[in-house]
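Protein sequences, first through last, are from chains A and B. Position one of the first sequence corresponds to residue 1 (the numbering used here), numbered consecutively onward. Position one of the second sequence corresponds to residue 107 (the numbering used here), numbered consecutively onward.
If you are wondering where the hints come from, they were derived from the structure by calculation, not from laboratory data. The reader is advised that the hints may include incorrect statements.
Once the Cα atoms are required to be at most 27 Å apart in a straight line, the calculated DSS-like pairs of lysine-lysine come out as [as the list claims (entries may be wrong)]:
id	chain 1	residue 1	chain 2	residue 2
1	B	123	B	242
2	A	103	A	86
3	B	242	A	86
4	A	36	B	123
5	A	36	B	240
6	A	84	B	299
7	B	240	A	84
8	A	84	B	343
9	B	299	A	25
10	B	343	A	86
11	B	299	A	36
12	A	34	B	213
13	B	213	A	86
Heads up, incomplete: computed chain A residues facing chain B, CB under 10 Å, no partners named [to be verified]:
id	residue
14	5
15	8
16	9
17	36
18	44
19	49
20	53
21	68
22	78
23	89
Just so you know, even glycine gets a beta-carbon here, dropped at the ideal spot from N, CA and C.
What follows is the residue order along each chain.
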Amino acid sequence: MNDFWLALLGMTCITFSCRYLFFSKTVPFELGPKIKRLLSYTAPSVLTAMWVPIVFLGHQQTNSDFITSPFLIAGVATVIFSLKIKNTLAVVMFGMSIFGALKVLF
Amino acid sequence: MSDRTAIAKGSFPSDFKTMNRAIIDIFPLALAVVPWGVLCGSLAINIGLTPLQAQLMSLLVFAGAAQLAALTILGAVGPLSSIYSSTFVISSRHLLYSAVFRDHVRKSSLGLRCSIAFFLTDEMFAVTCAYMEKTKSFSAVYALSSGITFYLIWNISTFAGIIAGQHIPNLEHLGLEFAIAATFIAIVMPTIKNRSTLIAIISSGLSAVFFSLFIKEYALIAATFIGMLFGYLTKDKENIDE
Chain A
1 MNDFWLALLG MTCITFSCRY LFFSKTVPFE LGPKIKRLLS YTAPSVLTAM
51 WVPIVFLGHQ QTNSDFITSP FLIAGVATVI FSLKIKNTLA VVMFGMSIFG
101 ALKVLF
Chain B
107 MSDRTAIAKG SFPSDFKTMN RAIIDIFPLA LAVVPWGVLC GSLAINIGLT
157 PLQAQLMSLL VFAGAAQLAA LTILGAVGPL SSIYSSTFVI SSRHLLYSAV
207 FRDHVRKSSL GLRCSIAFFL TDEMFAVTCA YMEKTKSFSA VYALSSGITF
257 YLIWNISTFA GIIAGQHIPN LEHLGLEFAI AATFIAIVMP TIKNRSTLIA
307 IISSGLSAVF FSLFIKEYAL IAATFIGMLF GYLTKDKENI DE
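Take the sequences, apply the hints, and build the full model.
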């Protein structure tokens, strides 16, 4: 676990630098429209790359079947619900309730 | 008594109002992050970090997605380079946020700029932008108040996870990570407003599943890059951006 301190230090510097970079007075350049466009896909892509495996591969760690996996069913239900309701907290609460109910049932 | 100190600190009664507004606005988002913080805390204990190390991660790094990815890699005894590169890829979206705030923040003091940068998260960016649109001006008081509220809730829930992780075995099998999936679905779905974003999401999601089955350590980075690239290469009919 010696690597931990190096990992922590590195991560602290990397996350802060990404947040601070364009606040710096010594950074003379602006982001061009192309880079801005490329970066605008980062948030949707990275967030999707995290939730999709939880929903579609979540059954692996609970040893349940793919079709009856609470991760899959509640995940798909949350996606459908999120298309109708735009309130973040309502969507999260809805998803968690469905997931919790399925966990109790199966 | 407490009212008087708050006003004195903010120097204007209106600052106090702005603070209240910020706290109320970010609160639902901060609540949604609680299960995630609990998971981060308990997972850190589970892979063998000390409680201090686990808490320091949330105190210093303050980036849920990056922390969770790093913990997974640390748990699998993956290389440092993989931790750094996934942290960078996950955090790179903050470059865009910082570029958006740039003009509003650039003339402020170093301390203020550092503080706003430190507390800059997806959630803080979202509410601050909404407030900026409503009032037609950027408010540092608003940005800091919402950011600090979020920071406190994040660290309290990490702390709860650390305590729970020490006493309740297999906490990570309760399915707390589903809270992450639900939160991200709730954030991502409303952003699909054009074809290119849809393509970015679909390609990133498909490749995330594919890579998770084969090269787990680099799955997140690879899938993110593919999503960004495919989104970038897709022409939107409206072309608002260009």
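Hints versus structure:
Of the pairs offered as hints, the one joining residue 123 of chain B and residue 242 of chain B holds, with about 17 Å between alpha carbons and a cut-off of 27 Å not exceeded. The suggested pairing of residue 103 of chain A with residue 86 of chain A holds, with an alpha-carbon distance near 26 Å, which does not exceed 27 Å. Taking the CA atoms of residue 242 of chain B and residue 86 of chain A, the gap is about 23 Å. The hint holds against a cut of 27 Å. Simply put, residue 36 of chain A and residue 123 of chain B have alpha-carbon atoms about 34 Å apart, too far for the 27 Å limit, and the pair is violated.
Taking the CA atoms of residue 36 of chain A and residue 240 of chain B, the gap is near 24 Å; set against the 27 Å cutoff, the hint holds. Of the pairs offered as hints, the one joining residue 84 of chain A and residue 299 of chain B holds, with about 14 Å between alpha carbons and a cut-off of 27 Å not exceeded. Restraint check for residue 240 of chain B and residue 84 of chain A: the C-alpha separation of about 24 Å stays at or below 27 Å, so the hint holds. A C-alpha spacing of about 24 Å is found between residue 84 of chain A and residue 343 of chain B, which places the hinted pair at or below 27 Å, so the restraint holds.
Proximity of residue 299 of chain B to residue 25 of chain A is assessed by CA-CA distance (about 34 Å); at most 27 Å being required, the pair is judged violated. For the hint pairing residue 343 of chain B with residue 86 of chain A, the CA-to-CA distance comes to about 24 Å; that is within 27 Å, so the pair holds. Taken as a hint, the residue 299 of chain B and residue 36 of chain A pair is honoured in the structure, with Cα atoms around 17 Å apart against an allowance of 27 Å. Our distance criterion of 27 Å between C-alpha atoms is met by residue 34 of chain A and residue 213 of chain B, whose separation comes to about 26 Å.
With a C-alpha separation of about 35 Å, the suggested pair residue 213 of chain B and residue 86 of chain A falls outside the 27 Å cut-off, and the hint is violated. Interface hint status for residue 5 of chain A: upheld, as the beta-carbon distance to the closest one in chain B is roughly 8 Å, under 10 Å. At its closest, the beta carbon of residue 8 of chain A sits 6 Å from a beta carbon of chain B; the interface hint therefore holds under the 10 Å criterion. Because the beta carbon of residue 9 of chain A sits about 9 Å from the nearest beta carbon in chain B, less than 10 Å, this interface hint is met.
For residue 36 of chain A, the interface hint holds, since its Cβ comes within 10 Å of a Cβ in chain B; the closest pair sits about 7 Å apart. With a least beta-carbon distance of about 5 Å to chain B, the hint placing residue 44 of chain A at the interface is held under the 10 Å criterion. Using the Cβ-Cβ criterion of 10 Å, the hint placing residue 49 of chain A at the interface with chain B is satisfied: the shortest such distance is roughly 4 Å. Restraint check, residue 53 of chain A versus chain B: the minimum CB separation of about 5 Å is within 10 Å; hint holds.
Proximity of residue 68 of chain A to chain B is violated relative to the hint, the smallest CB-CB distance being about 14 Å (cut-off 10 Å). Residue-level restraint check for residue 78 of chain A holds (minimum Cβ-Cβ distance to chain B is 5 Å; threshold 10 Å). Nearest Cβ of chain B to the Cβ of residue 89 of chain A: about 4 Å, under the 10 Å cut. The hint holds.
Hint compliance for this structure: hints 4, 9, 13 and 21 are broken, all remaining hints hold.
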